[in-house]
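J.: Residues per chain are reported as follows:
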Amino acid sequence: MRNVPRPRGRTGAERPVGTPLPLWLPAGCALALILLPVLGLFARVDPARLPALLTSPTALSALWLSLRTAALATGVSALLGGPLAVVLARSRVPGTRLLRGAVLLPLVLPPVVGGLALLYLLGRTGPVGAVLEQRFGLTLPYTTTAVVLAQTFVAMPFLVVSLEGALRAAGTEHERMAATLGAGPWLTFRRVTLPMVLPALVSGLVLTFARALGEFGATITFAGSLRGTTRTLPLAVYTEAQADVDAAVAMSLLLVAMALLVIVVARPRAVG
Amino acid sequence: MTRARARSFPLAVLLTAVLVASGCGAGARTEGTTLTVLAAASLTESFREMGERFERAHPDVEVRFNFQGSALLAERVRQGAGGDVFASADRAMMNKVVRAGAVAERPRTFATNRLSVVVPPDNPAGVRALSDLAAEDVSVVVCAPQVPCGAATERVETVSGVRLTPVSEENDVKDVLHKVEAGEADAGLVYVTDAEAAGKKVRTVDFPASERVTNEYPIATLEAAEHPDTAEAFVEFVRGDRGRRILREYGFGTP
Numbered sequence: 001m002r003n004v005p006r007p008r009g010r011t012g013a014e015r016p017v018g019t020p021l022p023l024w025l026p027a028g029c030a031l032a033l034i035l036l037p038v039l040g041l042f043a044r045v046d047p048a049r050l051p052a053l054l055t056s057p058t059a060l061s062a063l064w065l066s067l068r069t070a071a072l073a074t075g076v077s078a079l080l081g082g083p084l085a086v087v088l089a090r091s092r093v094p095g096t097r098l099l100r101g102a103v104l105l106p107l108v109l110p111p112v113v114g115g116l117a118l119l120y121l122l123g124r125t126g127p128v129g130a131v132l133e134q135r136f137g138l139t140l141p142y143t144t145t146a147v148v149l150a151q152t153f154v155a156m157p158f159l160v161v162s163l164e165g166a167l168r169a170a171g172t173e174h175e176r177m178a179a180t181l182g183a184g185p186w187l188t189f190r191r192v193t194l195p196m197v198l199p200a201l202v203s204g205l206v207l208t209f210a211r212a213l214g215e216f217g218a219t220i221t222f223a224g225s226l227r228g229t230t231r232t233l234p235l236a237v238y239t240e241a242q243a244d245v246d247a248a249v250a251m252s253l254l255l256v257a258m259a260l261l262v263i264v265v266a267r268p269r270a271v272g
Numbered sequence: 001m002t003r004a005r006a007r008s009f010p011l012a013v014l015l016t017a018v019l020v021a022s023g024c025g026a027g028a029r030t031e032g033t034t035l036t037v038l039a040a041a042s043l044t045e046s047f048r049e050m051g052e053r054f055e056r057a058h059p060d061v062e063v064r065f066n067f068q069g070s071a072l073l074a075e076r077v078r079q080g081a082g083g084d085v086f087a088s089a090d091r092a093m094m095n096k097v098v099r100a101g102a103v104a105e106r107p108r109t110f111a112t113n114r115l116s117v118v119v120p121p122d123n124p125a126g127v128r129a130l131s132d133l134a135a136e137d138v139s140v141v142v143c144a145p146q147v148p149c150g151a152a153t154e155r156v157e158t159v160s161g162v163r164l165t166p167v168s169e170e171n172d173v174k175d176v177l178h179k180v181e182a183g184e185a186d187a188g189l190v191y192v193t194d195a196e197a198a199g200k201k202v203r204t205v206d207f208p209a210s211e212r213v214t215n216e217y218p219i220a221t222l223e224a225a226e227h228p229d230t231a232e233a234f235v236e237f238v239r240g241d242r243g244r245r246i247l248r249e250y251g252f253g254t255p
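Going down the list, the sequences are from chains A and H.
First residue of the first sequence? That's 1 in my numbering, and the numbers climb one at a time after it.
First residue of the second sequence? That's 1 in my numbering, and the numbers climb one at a time after it.
Honestly, the hints are just simulated from the structure, not real lab data.
Wrong hints could be hidden among the right ones.
With beta-carbon atoms standing in for the labels, derived distance ranges [unchecked claim]: (1) H/Asn95 - A/Gly165: 51 to 57 Å; (2) A/Asp246 - H/Asp137: 34 to 40 Å; (3) A/Gly137 - H/Arg248: 44 to 50 Å; (4) A/Pro110 - H/Ala129: 35 to 41 Å; (5) H/Thr34 - A/Leu41: 28 to 34 Å.
Facing chain A, a subset of chain H residues (Cβ under 7 Å, in silico) [to be verified]: (6) Ala144; (7) Val167; (8) Glu184.
Only some residues are given here: those of chain H computed to face chain A with a beta carbon under 10 Å [to be verified]: (9) Ala71; (10) Leu72; (11) Ala74; (12) Pro120; (13) Pro124; (14) Pro145; (15) Pro166; (16) Glu170.
The C-beta atom is built at its ideal place from N, Cα and C for all residues, glycine as well.
Looking at chain A on its own, in the form it has when it is part of the complex (with noise of 0.2 Å):
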């Protein structure tokens, strides 16, 4: 941005660049690829049956099960992930470069691929799981704490790249002179740094919780599918698209409201 040569005029903003006519029509095919796929949901939308069918028990046990889950899986995120994203940001140890993009990872694997992950590694017969079960009588699989390890394994990494680089953007400065002014580590990090990137970690968490409340394939891998215990609403939709379309439809309904919220409250600072 910096390099691109300035029009005569004072500021850019008395003679704005145009945008090149070639990347229109592009544009306009992407815009339609994500746009009207979402249109044609509410085309199919049966209007007479729709508050049935968001209010049926199916659907609102979803619901809830799904921002419950959601919610806890976030809260999660930030207890182990806020930590995490300062230490890659802030830590000297060598490595700390290829645990970046370790974190990644769930963000680029499949979800299944997760899901089958946890479940070999947590799963009855895992290295884990089979330890959990003996010692403590604990099973995972199929359980609502299942749901809520996958959204974290899926979505905790949102947190942790946006926190992560938000903190490297704000440099060490500011903590810097904190510490010759007598503030231990502790008071900086809470009065410092922690104010510094409060808008990245509002805006982490918001997607934290948008991806974790749309997680699909790694709850049906790892927690399976039962009706108030592991079916969230994207798992809801697949089953009822099986038997009662109108019903899908109406919950898909739902989690783009819910998306479309999450957009609302994020964007300023996600995108801005």
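Place chain H on chain A using the hints.
T.: Using the frame of chain A, we list chain H on its own:
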């Protein structure tokens, strides 16, 4: 980014988008006949062999399969996703397609199937009968009632009087099988043919009520078929002597 650009982004883009949308994607057909068969997940192994044999008899034809839950396939057909032949795991899903006017002729039953209990090879919960599955500490995985194997499972519950409290309701019979194979469930209800296909990876526990709940598998050529004659030939092949022999090999009943 800059305010000027944001303002110069008119709604007309959306209209342009709608106009060009049809030009954005296009498909091309290759030479030779490609037959697309949509078949229930439980037909995976038997229809693969069916396809190989059919291709040997018709060298210019390539058979391509789409194996998924019947309910999912039925919905795809109803939405006009195309395909030449549809083979469903029960009549309910085929009827859906028939009501939508998407089949070219009356569906014909070509196979029957029934359910069986499968357990991991070491049978960790010591399951010996269907009634054992009702115990609280036995984790059971079944198909969701929305799909054919789940509908059959509900009928088994009615006929046998055994009430199941599954830990998970899967969308496709293969998912149930995989959970049991992986040892992540003590027992699952799958078709006898799936149990057979899994070989030594699972153990089968037969139960009397299973005989009284059979699924009838109908097959039909689709209205949207690109190769109606080849599609009809495939249906005849499946229903003919060679097809029936293959189906029986894989554990299906034949009418």
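J.: Now look at each hint and say whether the structure bears it out.
T.: Right, here's what the structure says about each hint:
For the pair H/Asn95 and A/Gly165, the supplied restraint of 51 to 57 Å holds, since their beta-carbon distance comes to about 55 Å. The supplied range of 34 to 40 Å is met by A/Asp246 and H/Asp137, whose beta-carbon atoms lie about 39 Å from each other. For the pair A/Gly137 and H/Arg248, the supplied restraint of 44 to 50 Å holds, since their beta-carbon distance comes to about 45 Å. For A/Pro110 and H/Ala129, the hinted distance range of 35 to 41 Å is satisfied, since their beta carbons lie about 39 Å from each other.
Between H/Thr34 and A/Leu41 the C-beta distance comes to about 31 Å, which sits within the given range of 28 to 34 Å. Restraint check, H/Ala144 versus chain A: the minimum CB separation of about 5 Å is within 7 Å; hint holds. A least Cβ separation of about 4 Å between H/Val167 and chain A falls short of the 7 Å threshold, and the interface hint therefore holds. Checking H/Glu184 against chain A: minimum C-beta separation of about 5 Å stays under 7 Å; hint holds.
The interface hint given for H/Ala71 holds, since its Cβ lies 4 Å from the closest Cβ of chain A, which is under the 10 Å cut-off. Given hint, H/Leu72 at the interface with chain A, holds; its Cβ is 6 Å from that chain's nearest Cβ, closer than 10 Å. Residue-level restraint check for H/Ala74 holds (minimum Cβ-Cβ distance to chain A is 9 Å; threshold 10 Å). Below 10 Å, beta-carbon pairs count as interface contacts, and H/Pro120 has one with chain A at about 9 Å; its hint therefore holds.
The interface hint given for H/Pro124 is met, as the beta carbon of that residue sits about 8 Å from the closest beta carbon of chain A, less than 10 Å. Satisfaction of the interface hint for H/Pro145 is found here, the shortest Cβ-Cβ separation to chain A being roughly 8 Å, below the 10 Å cut-off. Among the interface hints, the one on H/Pro166 holds; its C-beta lies about 7 Å from the nearest C-beta in chain A, closer than the 10 Å criterion. A hinted interface residue such as H/Glu170 counts as satisfied when its beta carbon comes closer than 10 Å to some beta carbon of chain A; here the least separation is about 6 Å, so the hint holds.
Violation of the numbered hints given earlier is absent; every hint is satisfied by the structure.
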